[in-house]
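Engineer: One-letter residues, chain by chain:
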Amino acid sequence: MIKKLLLGAVASIFMVSSALADYTLIVPQAPGKGTSVWGEIIAKNLEKFIGEPVVVRHIPGARDIPGFNKFHKSLRFDDKTIMVAHGGNGVSYLLDKIDYNYFDYELMGSMNNDIVLGKQAGKDEKSGTWTIAGGSGFEPDAAAAAMLVCGPQGNNTIDEYLACWRERFVWVNGVSGGEKRLGFKNGEFDVARESPAAWKRFYTGIPGNELWFTHGILDLENNVQIADPNFPNTQFEDVYEKLWGEAPKGDLYNAYKLTRNWRDAIQKSLWVNKGNPNAAKVKAAVTAMINDPVASKEIYAKTGVYPWIQDGPALLKALKSLITEKALKDAVKWNQEAYGFPSIYKPELLK
Amino acid sequence: MDYVIWALIGTMYGMLVGIIPIAGVTTALITVFSMGTYFMADPYLGLVFLTAIVASCASADSYTSILTGIPGASTTAACVIDGYPMAKKGQAARAMGIAITDSTFNGVIFAALTFFLLPYYGKIIVLFGRPEFLGFMMMALACVGFVASKNVFLSIIAIIFGLAVGMVGETVTSKPRLTFGWEYLQNGIGMVVLLSGLFGVPELLDGFRRKLKSAAPPMDGNYFDGLREGFGDCKKNWRDMARGGLIGFVTGLLPGVGGAVGDFLAYGATKAAHKGKNQEVPFGEGNPVGLLGCEGANNAQKVSSMIPACLFGIPAAPFAAMVMAICMYFGMEIGTPDLLQDLNFTNSLAFGYIFGTIGVALLSIFCYKYILKVLEVPFWIYAAFILAVIVYANMQYTGGWEDLALLTILSAIGCVCKYFNISRPAILVAYVVAFKIDQYFWGTLQLYGYKQWKAGYAAWADIRWLDLFNIYNHPIFVICIVIAVGIFINSVIRKDKGIDYT
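Residue numbers (this note's numbering), protein chains in the order written: chain A, 1 to 351; chain B, 1 to 502.
Keep in mind that the hints are not guaranteed to be accurate.
[What the hints assert, rightly or not] The calculated PhoX-like cross-link candidates involving lysine-lysine, where the alpha carbons are at most 20 Å apart (straight line), are: (1) B:K451 <-> B:K175; (2) B:K451 <-> B:K88; (3) B:K369 <-> B:K89; (4) A:K329 <-> A:K297; (5) A:K346 <-> B:K89; (6) A:K80 <-> A:K44; (7) B:K454 <-> A:K333; (8) B:K175 <-> A:K333; (9) B:K451 <-> A:K333; (10) A:K33 <-> A:K200; (11) A:K351 <-> A:K326; (12) A:K48 <-> A:K97; (13) A:K249 <-> A:K326; (14) A:K126 <-> A:K249; (15) B:K175 <-> A:K97.
[Claimed, not checked] Facing chain B, a subset of chain A residues (Cβ under 7 Å, in silico): (16) G61; (17) A62; (18) S136; (19) N186; (20) A227; (21) P307; (22) F341.
Just so you know, these hints were derived from the structure itself, not from any lab.
Here the structure is a predicted model, which is why all the values come from computation and not from measurement.
Backbone N, C-alpha and C define an ideal beta-carbon position, used for all residues, glycine too.
Sequences are here, hints too, so could you generate the full structure?
Structural biologist: See the structure below:
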């Protein structure tokens, strides 16, 4: 019996090892989820330009952290391993206990993306209660919604916004993307949140909803947030000013900017370990893939048409400039008290 | 002609994967994901291929459950309860006759209902909010009583254990729960590893222990006579077959429910419908009615799972998420009104599914001896291969040692449950609904006034209980709760309840 069991074990090892290939994209999600699908598309297209097989390895886990941690602790030292990270990883970097550190890696390419918020048609920001659903982590969108609904507060402190949030919002957490979509359609939730491609796919032309605002995208050259060319005149700052007659400011706004850019500017990104001898080759392949009309068409079909960033040091410098002690502490406080999620203040990020 | 060829390839591939224990539709679809590029020129061709895989795999999964006692996939776990005992009694052909008829009947009927009336189904799912989902989950949990064993103490252990396993991971506020400090568990325990541990590995080890010569039990009499007997069973008990399909169909409409819930609900309902009637064989010991009551639910559920996916882009089951992902890969805008008005889209779905359902039935009737040939391979070769597939399937999760560790732990628990007759189906049902009940429970409370930042009684006192339980506001929720309470009391009080498939 032992011999037979051993045969099974040997066969298992053979099957597992046969799945290993040259370049490996580490995706921190189970197959079928948003970033996984993006990773599959990238793997297929990158293969053509890198000249070697590229496979995807999924390492799912809570809030997509364990896969990235594993990359940091061991997998990054393999010269042919590329990390696929998404916006949630960026927010977790600020607020969660994690091992990974973007400053230890080289950026191969990042899609500078946006998020679209919708609301029930005709819903008035200045009156009534708003029901909003969240997932399992910090959502800058809900913070922006809070500012739009609450408007300017006395000193615009985080406590004032928390008080307004408790009075004006019903927050339902632990809701998946699909359930949010259904809840919005049957009127259970007042706010919809989607990626640009999903917004166009699921909401455009459907009565009962209206595009509320978008985050806009990062203009890395000037280090400012600009309007999304796919959704002109919808950037949060513009919508806020139009509604309340002044620009947004204060604690929550700073926490929002911090988390928004750490998520959207690295919404879909590829990283290798710093000093990886294949970095130049991979980066050149990514550049060729971006410039290839067939490959880019497939990628944009998933994400919408958004610019890529490949200047890693400049991007990290821009993101780092948003980290202040106050903004970080306020983001932690908002995450804990408005959403009820655990998060920690990490002073080491200020270094 | 290309459409027929690819439908046939999809049917054969789906059947092959379906026959492999544990590997189900989701696995089959994941493995063909990389073929997406081939279909870029004609995405409808890809759609036909995919739906043929889904349909044939759904049917073939049942055959494995019946012939080997190892669920072909989680969605056919209920078929094991009566199907495998039938096979062990030499009635494999009769059981196959039931499975083929039931799968084909429910697959074709509900595929037609689904795809040709797709635009009209949107109104049903929109009626379900958090409370309605909660009520439905409570009803599903109450049905655990129907699949628990007669020993109340062991049943309670099974249910509590199943609920605990389902709760492993994180709370709705992302705090670790029942992870014992093991980060790996924060994403919860997956269905594949649980099924492998509870059912797959213990059965294989039991086979080694008993030195089985073959995984498929020997068959008595002529194969075609047995098939005809199975067809006759279905004709005679068509109401049970239709009920099972209908339950599977409704279950498949609800996002995230899918999976094993529909099958077990159908099984429980069949058993309840025959309460007090004289049975040819008791339920759980190879009763043909028990098999035909749940067998078709899987096929109907698979097809109806496509409805919320197509209408709202909401996957009702993991495989539907894969179908959506592949469709999006093809550039099809799932969830848009334009797509629903695209006749090529609905026709491709209907053609692929119906072709796959009928195709796998014909293949099963005329190639049964080849299926048996595969199963007649000496047990240790077959089992070594299955063990490798199980390990490989589980290693697909992270590829790390943790996958093997969890599989080992759950396999040990599965063996203990098998040895002490602790109902593994009860564990499975409790596991399936546990997290969803938790999620919908808190979501419902939050919608009705629960403020998480308030501590103690004040948070509960704020809830608008009367609004929540108002039958005019939430008729589906209230009715589900009443039915759930009734089912649960009935299943607990009656001592002759329970299935001894443990």
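Engineer: Check the hint pairing K451 of chain B with K175 of chain B against an upper bound of 20 Å on the C-alpha distance.
Structural biologist: 17 Å, holds
Engineer: Within 20 Å, alpha carbon to alpha carbon, are K249 of chain A and K326 of chain A?
Structural biologist: 14 Å, holds
Engineer: Hint check: K126 of chain A vs K249 of chain A, CA-CA at most 20 Å. Holds or violated?
Structural biologist: Status holds; Cα separation ~18 Å.
Engineer: So, as I understand it, the hint says F341 of chain A touches chain B; can you test that by seeing if any CB pair is closer than 7 Å?
Structural biologist: Hint holds; F341 of chain A Cβ to chain B Cβ min 5 Å, cut 7 Å.
Engineer: Against chain B, run the beta carbon of G61 of chain A and see if the smallest gap drops under 7 Å.
Structural biologist: At about 5 Å, which falls below the 7 Å cut-off, the nearest Cβ of chain B leaves the hint on G61 of chain A intact, so it holds.
Engineer: Do the alpha carbons of K175 of chain B and K97 of chain A lie within 20 Å of each other, as the hint requires?
Structural biologist: The hint holds at about 12 Å.
Engineer: Take a quick look at whether K451 of chain B and K333 of chain A sit within 20 Å of each other, Cα to Cα.
Structural biologist: 17 Å, holds
Engineer: Check the hint pairing K80 of chain A with K44 of chain A against an upper bound of 20 Å on the C-alpha distance.
Structural biologist: With Cα atoms ~16 Å apart, K80 of chain A and K44 of chain A stay inside 20 Å; holds.
Engineer: Answer holds if the nearest beta-carbon of chain B is closer than 7 Å to that of S136 of chain A; otherwise answer violated.
Structural biologist: 5 Å, holds
Engineer: Between K454 of chain B and K333 of chain A, is the straight-line Cα distance small enough, at 20 Å or below?
Structural biologist: 16 Å, holds
Engineer: Holds or violated: are the alpha carbons of K329 of chain A and K297 of chain A at most 20 Å from each other?
Structural biologist: 41 Å, violated
Engineer: Given a cut of 7 Å on the nearest C-beta pair, is the interface hint for A62 of chain A held or broken against chain B?
Structural biologist: Holds, about 3 Å.
Checked against the numbered hints given earlier, this structure breaks hints 2, 4, 5, 12, 20, 21; the rest are met.
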